[in-house]
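Engineer: Once you have looked at the hints, place chain B on chain A.
There are 2 protein chains.
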Amino acid sequence: MAIEEVEQANARFYKAFEECSTAAMDQVWLQADWVRCIHPGSEIVVGWKEVRNSWAEIFSSTKSIKLSISNLFIKVVGDMAWVECLENIATFFEHGFTSGQVQSTNIFLRTEDGWKMIHHHASLLPADVPDDWDEDILH
Amino acid sequence: MAIEEVEQANARFYKAFEECSTAAMDQVWLQADWVRCIHPGSEIVVGWKEVRNSWAEIFSSTKSIKLSISNLFIKVVGDMAWVECLENIATFFEHGFTSGQVQSTNIFLRTEDGWKMIHHHASLLPADVPDDWDEDILH
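Each protein sequence line maps, in turn, to chains A and B.
All residue numbers for the first sequence refer to our numbering, where the first residue is 1 and numbers rise by one.
All residue numbers for the second sequence refer to our numbering, where the first residue is 1001 and numbers rise by one.
Hints may be right or wrong, so weigh each one.
To be verified - Capping the alpha-carbon separation at 27 Å, the derived lysine-lysine pairs in DSSO-like fashion look like this:
| no. | chain 1 | residue 1 | chain 2 | residue 2 |
| --- | --- | --- | --- | --- |
| 1 | B | Lys-1075 | B | Lys-1015 |
| 2 | B | Lys-1116 | A | Lys-116 |
| 3 | B | Lys-1075 | A | Lys-75 |
| 4 | A | Lys-15 | A | Lys-116 |
Since the hints were made in silico from the structure, they are not lab data.
Just so it is clear, the structure is predicted and the values come from calculations on it, not from any experiment.
Just chain A, with the same shape it has in the complex (with noise of 0.2 Å):
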């Protein structure tokens, strides 16, 4: 089933993308000079050479990452998919890390090589304020 497959292609990219392993993004990605990838907060990456470039300078300021998606929802027509889900992500540094709820689109390309990514875009959702917040702690 192509649902099946393209789901196991998007859990391929995230377990790339949690292994900071730029060996694993390039048998995730179509390495073509048309894909597209555009990290949080940042402006667009045109081309499988600086797509690959961008990965790897993540990951080499990253000491690990911890990675779980929710919210996943796919639809293929044909030969092309798009994937939507929530990206849960803790990135640890050298000193201290950040966490936060990335929103990400994710298309893909049936290819004889099987589901390849063609564009990746994900962007920071705000931080949730929890339920019982209590104005008073800020007086």
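Structural biologist: Using the frame of chain A, we list chain B on its own:
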């Protein structure tokens, strides 16, 4: 040609946006319960009814919008199309305005009624620092 048709569908979306017209959005979007829309910095909106409401809410708080698109990229695979573009947008309110650049991923589906938008993911780019920015003025 499919690419020209998708370019026109994308242009109709931005015309509806600039005209603040939910009636025009009715013609642009596929009215399905699985379409999705991510406004800049916001949580995902799922389903046509909710997506329509989100546009109506934006339009109701807006006096007028000036909008142009650049860096347009279109990829059509069968009955699905992926559009990437940069929105250069100024939004005018009763008092004052905001302006900025928004990176946008749009997905369209070919239907019996033409190409319909099924997904819009927009995220704000950081404001540019001018090339001739003089750090001395900070001191």
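Engineer: It remains to establish, for every hint, whether it holds in the given structure.
Structural biologist: Now for the hints, and whether the structure bears them out:
1. B:Lys-1075 with B:Lys-1015: Holds. Lys-1075 (chain B) to Lys-1015 (chain B) sits at ~21 Å (cutoff 27 Å).
2. B:Lys-1116 with A:Lys-116: holds, 24 Å
3. B:Lys-1075 with A:Lys-75: Holds. Lys-1075 (chain B) to Lys-75 (chain A) sits at ~17 Å (cutoff 27 Å).
4. A:Lys-15 with A:Lys-116: Holds - the C-alpha atoms of Lys-116 (chain A) and Lys-15 (chain A) are around 14 Å apart, at most 27 Å.
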